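These protein sequence lines map, in sequence, to chains A, B, C and D.
For the first sequence, my numbering begins at 1 and goes up steadily by one.
For the second sequence, my numbering begins at 1001 and goes up steadily by one.
For the third sequence, my numbering begins at 2001 and goes up steadily by one.
For the fourth sequence, my numbering begins at 3001 and goes up steadily by one.
Hints listed in this document are in silico derivations from the structure and should not be mistaken for laboratory results.
Please read all numbers here as calculations on a predicted model, not as lab measurements.
Careful, some of the hints might be misleading.
What the hints assert, rightly or not - Calculated lysine-lysine pairs in the DSS-like style (CA-CA distance at most 25 Å, straight line):
hint	chain 1	residue 1	chain 2	residue 2
1	A	K275	C	K2223
2	C	K2223	C	K2242
3	C	K2130	C	K2223
4	C	K2242	D	K3146
5	A	K275	C	K2242
6	C	K2223	A	K43
7	D	K3268	D	K3281
Claimed, not checked - Quick partial rundown of chain A residues pointing at chain B, CB under 8 Å, derived from the structure:
hint	residue
8	A64
9	P111
10	A113
11	R115
12	R116
13	I238
14	S301
15	I329
16	N347
Backbone N, C-alpha and C define an ideal beta-carbon position, used for all residues, glycine too.
Residue-level listing of the chains:
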Amino acid sequence: MSAQHEAAARDEHDWSVEAWRPAPDQRTAASATASQWRLMWWKFRRHRLAMVSGVVVIVIYLLALFADFVAPVDPNLTSTRHTYAPPQSIGLFVDGAWLPHVNGYKVEIDPIAVRRTFVEDPEKIVPIGLFVRSEPYEFLGLFTLHTRLIGPLEPGQPFYLLGADRLGRDVLSRILHGARVSMSIGLVGVAVSLGLGVLLGGISGYHGGWVDDAVQRLIELLKAIPTIPLWMGLAAAIPATWSPLTVYFAITVLISLIGWTSLAREVRGRFLSMKSEDFVTAARLDRASELRVIMRHMAPSFVSHIIATLTLAIPAMILAETALSFLGIGLRAPVVSWGVLLQEAQNVRAVATAPWLLTPGLAVVIAVLSLNFLGDGLRDAADPYAD
Amino acid sequence: GQSSPTPSGEAPMLAERVAAGGLAPLADRLPESPRVVDSVDGIGRYGGTWRTGAREAAPTWPLRTITYDHMTHWTPDWSGTVANIPESIEVNEDATVYTIDLREGMRWSDGEAFDADDLMFAYEVWGHPDLAGFPEWMMSTEGPGVVEKVDAGTVTVTFPSPNATFMDGMAQVTTVIGGDAFTKYPAHYMRRFHEDHAEGDLDAQVADAGVSTWQELFTLRSDTLLNPDKPTLNAWVVTQPLGEGSRIVAERNPYYWKIDSAGNQLPYIDRVVFEVVQDPQVLLLKALAGEIDMIATLINEPENKAVLFDNQERGNYRFFDMTPSDANLLNFAFNQMHKDQAMRELLRDKQFRAALSHGIDRQEIIDLIFIGQAMPLQTAVLPSYPQLHDERLATQYLEYDPDLANEMLDEAGYTERDAEGFRLREDGERLGFAILTRADKAFMADAGQMMVEHWQNLGVDVRLDVVDRNLVRSRKNANDHDVIVEDFPGGARDALLRPTPWVPMHHNAAYGIPWYDWHRGEGGEEPPANIIRQFELWDQVNATADTEQRLEAMRQILENAADDFYNIGVAVPLSQYGIVSNAMRGVPETMSGSYWFAPPGPTNPPTYWFAESAN
Amino acid sequence: MLAYVARRLLYMIPTLFLISLVSFAIVQLPPGDFLDSYISTLEAAGGDVSSREVELLRARYALDGSVFEQYFAWMGNVLQGDFGWSFMYQRPVEDVLWGRVGLTFLISLASMLFVYVVAFPIGVYSAVRKYSVGDYAFTFLGFLGLAVPNFLLALVLMYVSLTVFGQSVGGLFSPEFQDAPWSWAKLWDLLAHLWIPVAIIGTASTAGLIRVMRANLLDELSKPYVETARAKGLSERRLLLKYPVRLALNPFVSQVGWELPALISGAAITSIVLNLPTTGPVLLTALKSQDMYLAGSFILILSVLTVIGTLISDLLLAWLDPRITYE
Amino acid sequence: MIDAVCQGRPMHDREDDPVLEVRGLSTTFDLRTGPLHAVRDASFTVRRGRTLCIVGESGSGKSVAARSILRIVPSPGRIEAGRILLHGVDRTTDLATLDARSPAMRAIRGARISMIFQEPMSSLSPVHRIGNQIAESLQLHTALDKPARRARVIELLRQVEIPEPEEAVDRYPFEYSGGMRQRAMIAMALACEPDVLIADEPTTALDVTTQAEILDLIARLQADRGMGVMFITHDMGVVAEIADEVCVMFRGEVVESGPVDGIFHAAKHPYTRMLIGSAAKLENRAAAKPPAPGADAPPILVVECLSKRFRAKKGLFGRRAVVTDAVRDASLTLRRGETLGVVGESGSGKTTLGRMVLRVIEPSGGRATYFDAAGTAVELTALDRKGLRRLYGEMRMIFQDPMSSLNPRMTVEQVIGEPLRNDGWRQRAIQDRVAELLDLVGLPVDVMERYPHAFSGGQRQRIGIARALAPEPRLIVADEATSALDVSLRAQVLDLLLDIQRRMDLSFLFISHDISVIRYFCDRVAVMRKGEIVELGPVDRVCEAPEHPYTRALLSAVPRPDPRARRLGARHRYVEEVAS
Ligand SMILES: Nc1ncnc2c1ncn2[C@@H]1O[C@H](COP(=O)(O)OP(=O)(O)OP(=O)(O)O)[C@@H](O)[C@H]1O
Ligand SMILES: Nc1ncnc2c1ncn2[C@@H]1O[C@H](COP(=O)(O)OP(=O)(O)OP(=O)(O)O)[C@@H](O)[C@H]1O
Ligand SMILES: [Mg+2]
Ligand SMILES: [Mg+2]
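Same shape as in the complex, but just chain A (with noise of 0.2 Å):
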């Protein structure tokens, strides 16, 4: 029952001039009330699809943390017999008996199509399990491990829930090493671009005058050079010794160092417009200083849109090397990336004979949305109108 509420109740009969004021027990309500991010917090929580979201991109990065554990193998592990093999399913019952297990393939060599056939043969039976011992391999790079979540009880046999790529290397496991990349990287630059596009784009709307215009003409600068020759540009200038993740973190990064513009434009465009307003000039006359009010006191009242485009940027950046690739200075092996996985399924070939190269994409989809819609649970429970 609200502490006002009560005071109604109580002050009933109590009618001294007095009764405006609140009564003395209701200022340990002090107590009571929550601070911003607790009150977002309970707001969030009631936002069921947004929690549910978050829980996805939470595994999905405790995923990409525990790739080595949780892929059946290393992902650029070849396998010559393995070209291209289609993916197989879990049986759990072998003649009635309890047996997880997945079919072996009936392999065989097509000279003139020049590739390997595969036949799921009932006799091979592969039996799977979980944690199952397996080649050690570094976790983490901390200590070694012999165990794997999921596999062939036997190491060596052939497992693939996602099917193989053209070198017989298990997709699945190249999609959950793939999020590593393309969940961190990626978003690094998004952070980057979004810090300097509501910084300069406060400062540009919130100044205007020669302020403005400067940050315009750089962003004009900026924007007028489209980013394909900028990438190949910056592509060629990189030394060739730098490792391919080194390369592409500095490409991302310096695509982020581009990518700010439109976004600044935006909030530019709102400070422009939000600037006259009383509640500004108040907390001018509260003595904040200019950053506080441009980040405290005017981006909040955008941060919808910043949101949204947040979660827009991203998958534009995962599939930046996408393009990247296309363009032959992306992400290079060993490293893998969902990015670079969608690029090997960017032929004829892959679409027709081998569809489950585009489960990547899936992963992309998946991760987007999630975001989204984890970026919409966040986005109304900073919202004061939305219930």
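With chain A's structure known, arrange chains B, C and D with the ligands on it following the hints.
Below, chains B, C and D with the ligands without anything else, positioned relative to chain A:
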């Protein structure tokens, strides 16, 4: 040639034009003695459009199909050359004087006469300081040959020193000034763009064309694919040039000078249409949809075969064989002129290379990347071309034997190892190098990746750099590379044309760029004796008229190469293929796949035809 | 305002100069020159260039000379309206671009309209009917389109249409119309082919607009002035369109000017797969093959449009929201 | 003189039968801390051609009740129970049962019932022209064509005393003064001559003369249209002037209602009595008032010839520029510990003046000097951002429009705590201080976690006051600081301010239109008109013996909180000619 049948048949579309009086009768259009060629599937029937494809950047397929009418042709079996445009080409025994005897009454596609003056004009053009320049096959070691007009139907080409490459050279397709150099400049047409001959206001034309000098204009107008107005001697004349819209279209040449043995004027097929694409995938889809009638480029990659195979019915096409003649699919060129002295030492160490060669599990690579459809071999002329096949060169250090490899490395003195188990050079640096390969050929990167593993198992710290092919090239030019992976021709007769892996005679000889520069007199570095020897032999090959002696010199080169073992080869393909519509006739079941053979040119596309059922 | 516009136009000069300089430099950044890439492309196609030809080509393209010389030479010509020579197409740059701008514009415009027509209503809808089935459905579809690379989408689409209709869908015209002069039939044929690229390019960007519209509208919906309007008895639809939507458009308008360059630059990668004769692929190949004048000029043209677009955006902003002044 | 008005009213038989009956209305907001019963079982009736005044404590549910009638209660509010009967010519509809978004409801809004919102300043769309927004309801509910509509709009603006309506019609809300916006709102509400007018404190920003005109205008419409009016106000004077019936609300309940005379002279409910009491109390100078500092007291603020000229561009390319001289050569001196009242007609430049002192609006001429604690002079008009920032701790401002001056995305705690945080206070300390301040201005502490929109007008205003007081300032520019507070509360707050002022001789520049408040609270008063200060002197002198005729006119229009002494009829207006 043989007594030619009297020209009788012509394409209906032409017959109409003749009837309408818009065109001279067949007899007046053909030379006295047309060249007679027959389809491998007998007498064909007229009509149809040959739909095929080409790449936008540097299109080579059109050059091998519609514009392959040079002075000489390869024989379809690539055993040698035959005169194509001229009736005959006589050569004296020391290969210094060639006498070209043209066909009486032969005409350009616009009906103008084609005679010695055209050749003379071409000669003039080559000689002009800032025009095309002499084609390679006009160059003898002592300098360019001299073309002289004997009479309207005869010219002689005289070389200061013997030039054995003349006939072969003219049979080749090269893009800038290739085998067609003699007939590339129809005098009556091209004169108007030539400073010395132009009557009209040349500058005006230059301005209109948007170029800055008449030389540019001239070069532009002389390009067969770009300029539909230029008359040619080809079977089909370009009507929609490259770069306008997304297609190249070529229509039959009413004055074409070849007939079949029944006397029907060739070509059988009315039009050729090239779908110009940037990404081969598009062509592949068209092929699957049956919208490509015959093609042996761009899409005929091993990895596409499965898809093509599955869609044969829908696409209504079949495969034909292109006998591969690559000297190797994966040739690892070790930069023996490396800028860094220590690296140079290392990469020059034959023992080292041999060891590495033993360290490669070729069969694994073949099984994985070429689905078993390749043969482990060093970079060498293939057994299928016995004249030049060198057993030792082809098979030395071939078998996979890590222990042996390690042994050899130890012997070579790389016994020290560091913490991570990598071997060390004398100077204490890690024993290792970077493999440079191009992003656009996936199989190279894949293979490279595997080699890296193989070699790291030997304790050699190998890195793989997959980069854009331009980058590969410019690094190569700048001699900024350790090891470069490339595929090389030269597995068959083309060994006589581009023995790059064995003689650094070409800018792709990544194992010794400075040697190459030195040889062509562009600085570089003086090579060691053995290389100089190779160069001498190579010049000899080009200067010897007698075939047997040529081959002998070539064998010598290959033998030395076997001793020096410049490159490590991995595998050669067992088969390549093209696709041809079931409705199309006249395409041989097999032809050489080497670019140097310019397939399908020598198999006479003008004799291809469409069966009744066709479009 | 007029003064402001004048000032902006003045700013353009230095900006553009800088841009041209930078872009030209960037075009040159990748190693090698046109010749290198020409040769390597040739060799990629199995071809070969003899040492002799290399020398001849060098002479022909006159590629030697420092970047700066080349730049100023080029700039000089550009100022006289001559954009230079495209090595790859062996044509003046104008011709290369001119031949393609038309279709590019058509396709881009079509897909732009498609995006707006689809995205705005949906955006408004999913803001007003927050968390309705529709909202979810559209969000899902939108992100699906966003998360699948255009290249792949195009490929799959083409393959499907191949296996289903038994004909490939590359290009913008059926063969019979390829080179035919313009006619109603041809136009119709064009439209029949147009929807595929439009759909592919469209799907990639609708999601963006939907989400942004939704987000901004949600913020406006609870403003007091909306209540006022409601108290006037305005119907929800008109109310939305007149008040909150107008303010929600702000971020969109800040950027809309940049559609201008987009209109003629086209979607490179999609066009490549679909083999569309648009400018996108030209730029791409020009860059890959270091066809510097082509690339440089095209980028320059784009940047001019970008700068103009920005100005337009700013004017629109001021028009949309009178509180915004630039003085 | 009310009779004069009465005679105008048609004496037909349907006279004063109910148009709008509210029965047992309960509206509740479900907050995290539990349900908040904003309105509890409230019943009242609005009669044709009559005025029902609703008075009551701030936050007692008046506005919510009004909103409930139009079915626009903001979420999470909902109507729990009750009937809202709108009597039409033929039939009666129960609005409570209608779907809030239904066409039926829409047809009623604006046409049959229209509402003047309490905070007009933020209730107008910032990007649409005033004229456009007013014309809209005409377009919706009348058949007028475009030019006709425009004519009507201009006419309306003239009726609500907007100067140069032909110009004003094409201007944007942000170019209007607070009062002008409020009048625009009124015009909007009256546009379609509704059966029922709900006026939620429609005159809070209007000086008494304008207020009187507006009241007349409404009265006229009542007379010839038989419009029923539900008039929410805090100004007992106004109530006494216009009310037929009064209904007193307290904590969401209607505690007393009846004919006006009864309420004023025979109030039963203690709260009502207290209300009347405080109204009377405000009639004369505060007892608690410290003696006015003498002329020798050190000044804290000296304003010399400040002036502001606004150039409002018309059209995108600003072909024609409308020039407004908001303030002309205003000069005044504010002594330490002194309260200087500023009165004047709406749109006369009070806010602009106040804002210029704080450099929120850049003066276009003149200068202002501030004397800090040490007594050293600081030229405000010459300061840069940094310098100003340093002073802002000592000089505070209470905004005329509470709504827009509170950041909608900050909780009350953050809003009030902001200045403290920027002074480097620690979180805990801030919370306690905020709690204390809230308590001082009479708000329960648990509102800390609520967002500004979730309050009543008065409550918001108090939040604004609390914020101004937070960092113990030396000078406060208070712009209509108490306009939205009910009299009892107003008295309390003023006393509170006086108390603080006494404790740390704080000075006020106190902008208000409410003469009684001025008299109660200020030492000296400046009278503004058309951007000029026409008179400046000690309160008593100005109130007892006004010199400038405009001041007289002003005073003559002050309503007295006694229905038996209605005097608006007797007021005289100030016209230039009459001046001398
Ligand atoms: N959107 C909201 N959410 C939560 N509580 C609200 C909301 N709007 C109003 N309230 C609460 O409802 C109560 C009544 O508000 P209302 O605006 O009706 O007061 P009021 O009588 O108009 O006061 P005032 O005279 O100050 O305007 C107040 O306690 C206020 O805090
Ligand atoms: N931004 C602006 N642009 C143009 N004119 C303005 C602007 N702000 C205020 N004005 C004009 O200046 C005059 C004074 O406005 P101001 O707000 O100071 O009046 P006020 O005395 O506060 O009136 P009120 O008592 O109604 O608040 C008004 O005529 C108003 O129209
Ligand atoms: Mg209220
Ligand atoms: Mg004001």
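Status of each hint after checking the structure:
Under the criterion of a C-alpha separation no larger than 25 Å, the hint pairing K275(A) with K2223(C) is consistent with the structure, at around 17 Å. The suggested pairing of K2223(C) with K2242(C) holds, with an alpha-carbon distance near 14 Å, which does not exceed 25 Å. A C-alpha spacing of about 17 Å is found between K2130(C) and K2223(C), which places the hinted pair at or below 25 Å, so the restraint holds. A distance of roughly 17 Å separates the Cα atoms of K2242(C) and K3146(D); the hinted pair therefore holds under the 25 Å criterion.
Note on K275(A) and K2242(C): the hinted pairing holds, with a Cα-Cα distance of about 23 Å set against a maximum of 25 Å. Taking the CA atoms of K2223(C) and K43(A), the gap is about 20 Å. The hint holds against a cut of 25 Å. Note on K3268(D) and K3281(D): the hinted pairing holds, with a Cα-Cα distance of about 19 Å set against a maximum of 25 Å. Taken as an interface hint, A64(A) does not check out: its beta carbon lies about 23 Å from the nearest beta carbon of chain B, beyond 8 Å.
A least Cβ separation of about 6 Å between P111(A) and chain B falls short of the 8 Å threshold, and the interface hint therefore holds. About 4 Å separates the beta-carbon of A113(A) from the nearest beta-carbon of chain B, less than 8 Å, and the hint is met. Given the 8 Å rule on beta carbons, the hint for R115(A) holds: about 4 Å separates it from the nearest Cβ of chain B. The restraint placing R116(A) at the interface with chain B holds, with a minimum CB-CB distance near 7 Å, inside the 8 Å limit.
With a least beta-carbon distance of about 10 Å to chain B, the hint placing I238(A) at the interface is violated under the 8 Å criterion. Proximity of S301(A) to chain B is violated relative to the hint, the smallest CB-CB distance being about 46 Å (cut-off 8 Å). The restraint placing I329(A) at the interface with chain B holds, with a minimum CB-CB distance near 7 Å, inside the 8 Å limit. Proximity of N347(A) to chain B holds as hinted, the smallest CB-CB distance being about 6 Å (cut-off 8 Å).
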